[in-house]
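S.K.: Produce the complete structure using the sequences and hints provided.
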Amino acid sequence: MATDNSTPSVSKLLEEVEAIFAHTSQLSERWYLVALAALAGGNDPVMCKDLYLYLISKPDFSESNQRKVLIRRIREALIKSIAVAGVCKPIEAILAINEVERDEDKDYSITREGWQCDEANLKRGNEWMQKLYSKNMDETIGLFRDHRDFEWVSRHISYGLYLSDRQVLDDIDTEIIVLSSIMIQNLEKETHWHIRGSRRLGLSKLDVEAIHASVGTIAGYLGISLDRVPSVEQVERDV
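Its first residue numbered 221, the sequence shown is counted upward by one per residue in my numbering.
Just so you know, these hints were derived from the structure itself, not from any lab.
Fair warning: there could be bad hints in the mix.
Taking lysine-lysine pairs in the DSS-like style, the calculated list, with each CA pair at most 30 Å apart, reads [to be verified]: (1) Lys-278 <-> Lys-355; (2) Lys-278 <-> Lys-351; (3) Lys-351 <-> Lys-425; (4) Lys-278 <-> Lys-425.
Listed next, with one range per pair, are the computed distances between beta-carbon atoms [said to hold, decoys possible]: (5) Ser-248 <-> His-367: 24 to 30 Å; (6) Asp-280 <-> Asp-338: 20 to 26 Å; (7) Asp-327 <-> Glu-408: 20 to 26 Å; (8) Glu-371 <-> Glu-283: 44 to 50 Å; (9) Pro-279 <-> Leu-426: 23 to 29 Å; (10) Lys-409 <-> Lys-278: 33 to 39 Å.
If you're wondering where the values come from, they're calculated on a predicted model, not measured in any experiment.
Using N, Cα and C, we set each Cβ at its ideal position, and we do this for glycine too.
M.R.: As structure tokens, then:
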């Protein structure tokens with residue numbers, strides 16, 4: 221167990237990112253999920269440890285029970301990130317966080333034990349996809365007509381196993397994690413889809429612009445180009 225504070229330069233970055241969300245309508249208490257997903261999906265996922273240390277230094281997480289709730293949310297965010305960024309970076313992130321967790325703050329619950337790739341899972345995944353893609357659902361799934369394994373994985377695993385699970389995180393939590401994790405990878409099509417999905421889910425344009433700005437700030441710190449990423453304004457006409 222370690223108790224070192226996060227490094228000053230990273231703390232300054234996190235303060236800047238947190239400040240971006242200060243005047244958002246739905247994200248001021250969720251901002252760290254955006255930062256977590258961007259850091260885990262970037263080129264230095266170990267920095268998620270610094271985010272955890274930054275958070276537990278705050279009054280909101282001064283008690284052990286509060287930190288247990290926090291780590292459950294962090295862990296689920298990283299599990300959901302697997303659907304977008306692959307498994308290795310989220311593993312790096314959670315192991316780095318684990319190194320600085322206090323024993324009394326650990327949470328040993330498990331969410332996917334007993335999971336079945338069944339009709340209920342498929343229904344749940346399809347319903348969540350439909351909520352985001354709406355009138356574009358058939359068109360988007362049609363992109364996989366020549367490579368249908370990707371459709372199967374999207375429906376049963378990405379959305380069924382990972383993204384539609386609501387035991388810990390809600391719809392908005394999930395979508396801001398997905399958008400941030402995609403955007404940090406400089407992916408044009410998928411960023412467009414999930415900016416649009418975030419707006420369709422009910423996030424205001426201002427809130428989505430805050431996500432966009434914060435991921436851009438983290439990308440700048442990490443030296444990652446986001447030259448392919450559309451702006452929120454460019455996507456707005458497609459909402």
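S.K.: Each hint should be assessed against the structure and marked as holding or not.
M.R.: Hint check:
no. : hint                            : in the structure
1   : Lys-278 <-> Lys-355             : violated, 43 Å
2   : Lys-278 <-> Lys-351             : violated, 35 Å
3   : Lys-351 <-> Lys-425             : holds, 18 Å
4   : Lys-278 <-> Lys-425             : holds, 29 Å
5   : Ser-248 <-> His-367: 24 to 30 Å : violated, 41 Å
6   : Asp-280 <-> Asp-338: 20 to 26 Å : violated, 38 Å
7   : Asp-327 <-> Glu-408: 20 to 26 Å : violated, 37 Å
8   : Glu-371 <-> Glu-283: 44 to 50 Å : holds, 45 Å
9   : Pro-279 <-> Leu-426: 23 to 29 Å : holds, 27 Å
10  : Lys-409 <-> Lys-278: 33 to 39 Å : holds, 37 Å
Figure legend: structure checked against the earlier numbered hints; hints not met, in rising order: 1, 2, 5, 6, 7.
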